[in-house]
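Trainee: Next come the chains, spelled out residue by residue.
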Amino acid sequence: MTCAEAEIMLHSLLDGELDAGHAFEVETHLTTCPRCAAQLRAYRELQQAMPAAQLRFAAPMSLRRRIEAAQPSPAARVSSRRSVLKGFAMGSALSAAVAATLVVAVIRTDQDQRALGDALSAHLRSLQGEHLTDVQTSDQHTVKPWFNGRLDLAPPVVDLTAQGFRLIGGRLDYIDGRAVAAIVYRRRTHVINLFIAPAAASERSGAKIEKVQGFNIRRWNADGLEFWAVSDIDAEELQEFGAKFEAGLHEAGRT
Amino acid sequence: MMLARPQRLTLVAASKPESKAPGNASVDDDDKARRFRDAALPHLDDVYTLARYMLRNAADAEDAVQECYLRALRHFDTYRGPTMKPWLFAILRNVCRSEFLRRSGVALTIDGRAEEDDDAVPLWQEAPLSPEADMLRQWDAETIRRLVAELPDLFREAIVLREINDLSYSEIADVVGVPIGTVMSRLARARALLRRAWMAEEGART
Numbered sequence: 001m002t003c004a005e006a007e008i009m010l011h012s013l014l015d016g017e018l019d020a021g022h023a024f025e026v027e028t029h030l031t032t033c034p035r036c037a038a039q040l041r042a043y044r045e046l047q048q049a050m051p052a053a054q055l056r057f058a059a060p061m062s063l064r065r066r067i068e069a070a071q072p073s074p075a076a077r078v079s080s081r082r083s084v085l086k087g088f089a090m091g092s093a094l095s096a097a098v099a100a101t102l103v104v105a106v107i108r109t110d111q112d113q114r115a116l117g118d119a120l121s122a123h124l125r126s127l128q129g130e131h132l133t134d135v136q137t138s139d140q141h142t143v144k145p146w147f148n149g150r151l152d153l154a155p156p157v158v159d160l161t162a163q164g165f166r167l168i169g170g171r172l173d174y175i176d177g178r179a180v181a182a183i184v185y186r187r188r189t190h191v192i193n194l195f196i197a198p199a200a201a202s203e204r205s206g207a208k209i210e211k212v213q214g215f216n217i218r219r220w221n222a223d224g225l226e227f228w229a230v231s232d233i234d235a236e237e238l239q240e241f242g243a244k245f246e247a248g249l250h251e252a253g254r255t
Numbered sequence: 001m002m003l004a005r006p007q008r009l010t011l012v013a014a015s016k017p018e019s020k021a022p023g024n025a026s027v028d029d030d031d032k033a034r035r036f037r038d039a040a041l042p043h044l045d046d047v048y049t050l051a052r053y054m055l056r057n058a059a060d061a062e063d064a065v066q067e068c069y070l071r072a073l074r075h076f077d078t079y080r081g082p083t084m085k086p087w088l089f090a091i092l093r094n095v096c097r098s099e100f101l102r103r104s105g106v107a108l109t110i111d112g113r114a115e116e117d118d119d120a121v122p123l124w125q126e127a128p129l130s131p132e133a134d135m136l137r138q139w140d141a142e143t144i145r146r147l148v149a150e151l152p153d154l155f156r157e158a159i160v161l162r163e164i165n166d167l168s169y170s171e172i173a174d175v176v177g178v179p180i181g182t183v184m185s186r187l188a189r190a191r192a193l194l195r196r197a198w199m200a201e202e203g204a205r206t
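Residue numbers (our numbering), protein chains in the order written: chain A, 1 to 255; chain R, 1 to 206.
Calculated from the structure, these hints are not laboratory results. Heads up, the beta-carbon is just placed ideally off N, CA and C, and yes, glycines get one too. Watch out, some of these pointers could steer you wrong.
The following residues of chain A were derived to be distant from chain R, with all beta-carbon distances above 10 Å [to be verified]:
hint : residue
1    : 50
2    : 52
3    : 112
4    : 124
5    : 140
6    : 146
7    : 149
8    : 187
9    : 206
10   : 224
Computed footprint of chain A on chain R, listed as stretches where at least three residues anywhere in the stretch have a Cβ under 8 Å from a Cβ of chain A [unchecked claim]:
hint : segment
11   : 42 to 56
12   : 158 to 164
13   : 180 to 189
I would like the entire structure built from these sequences, with the hints used as guidance.
Mentor: Pasting the structure below:
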């Protein structure tokens, strides 16, 4: 191998792109050529001095919102459905009343389903990228203020480390086109995303666990907020998580 | 060549936007949009990072990324892998090339026109006399970003895709649309230039 070849190939060696045979050839050349060996050292040093994590940029939240907003809007679907049902309701006052309740029912379940799907999507996204948390800490008093100015609600954050659910941080996410708080917990190796959004209805509703694509989602309302806990842990454990969270919240409210 | 080529990215040329009445979004569209979000949004920071380095300007980068995601959704039906990130990068690169650089009147060296200048960059300069002088200073992230940003387009692109976006050579070759051999020589020259700028930075500060 000539120096001219080695000068190019040593970068492939550095990047782990050479097969064993070629790596051997380059390495053999390097043992006999101090000039090329010096280059490998220098470029390895350069590579190590470039911490990729610090050189990356985080997309601004406004950009993330604009991209989300540019997607086909689920809201458009609801309104079109509503107008179809309104047409139905023109017949008589009675059928109008019936249709009205029907509309509410349809829209409710529609929204519920979409929110569930969105919660699962947000959970999956959080596991895929390197974006599980925006603020990473096990301290509930750090997570909660982080949302100040980022959301129009103050999400309750409960430390459940002692109960076996370790708080690892929080981030902003989107459900049903709204920005929501995501509080992230870990149970052994499993991640639990707890999404919190202002509730559409103020009534308190009991917890419901649903299974979607193999994931469990526990959903409940309290104090004007809506909660979705999403994880791949089994339903009983997720139920335990939700109950402990609610109990912790209740306790915090009393003191 | 010793490097195996993966299947090529299936990137179709951008066609005119389909105009669709907003009220007629079907269940399929919603489902498609959701699948797209799940697949593409985790890479938003990556795509934005590449845009920042390529366009060297936050506002242009935001516009380019937004356009990139619009085009990607439009062509999501034709996306067949292999992986999402290089696919998005290839679209972003087209956006940067076809629209932004032209609109802002910036010269299009990214097109490969600078190829003949490649050889003008010496690969290696003899090490200075003392081994200590050969050591690289550790610069802060801000300085490194600037040094990278000052590299010529083709070399900057190669090194950002490799070091910061963590693509393999074959992925870079697909994104940029050149043979792997060209990726290798560009990377070698990019590092040579960066190392030189890196060492010159110290001189500039003292």
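Trainee: Are the hints correct? Go through all of them and say.
Mentor: Hints, verified against the model:
1. Under the 10 Å C-beta cut-off, the non-interface status given to residue 50 of chain A relative to chain R is violated; the minimum distance is some 5 Å.
2. Not every beta carbon of chain R lies more than 10 Å from that of residue 52 of chain A, the smallest distance being close to 5 Å; the non-interface claim is violated.
3. Here residue 112 of chain A stays apart from chain R, with its beta-carbon at least about 15 Å from theirs, past the 10 Å limit.
4. At roughly 6 Å, the least C-beta separation between residue 124 of chain A and chain R is not larger than 10 Å, which violates its mark as non-interface.
5. No beta-carbon of chain R is positioned within 10 Å of the beta-carbon of residue 140 of chain A; the least distance is around 26 Å.
6. Every CB of chain R lies more than 10 Å from the CB of residue 146 of chain A, the least distance being 18 Å, so the non-interface label holds.
7. The Cβ of residue 149 of chain A lies farther than 10 Å from every Cβ of chain R, with a closest approach of about 20 Å, so its non-interface assignment holds.
8. For residue 187 of chain A, the shortest C-beta to C-beta distance to chain R comes to about 22 Å, beyond the 10 Å cut-off, and the non-interface label holds.
9. Look at residue 206 of chain A: its CB is around 28 Å from the nearest CB on chain R, clear of 10 Å, so calling it non-interface holds up.
10. The beta carbon of residue 224 of chain A is kept farther than 10 Å from every beta carbon of chain R, the shortest such distance being approximately 28 Å.
11. Coverage of the segment 42 to 56 of chain R by chain A holds in this model, with 9 residues showing a Cβ closer than 8 Å to a Cβ of that chain against a need of three.
12. Against chain A, the segment 158 to 164 of chain R contributes 3 residues with a C-beta closer than 8 Å to a partner C-beta. That satisfies the three-residue criterion, and the hint holds.
13. Counting residues of the segment 180 to 189 of chain R whose C-beta lies closer than 8 Å to any C-beta of chain A gives 4; at least three are required, and the coverage claim holds.
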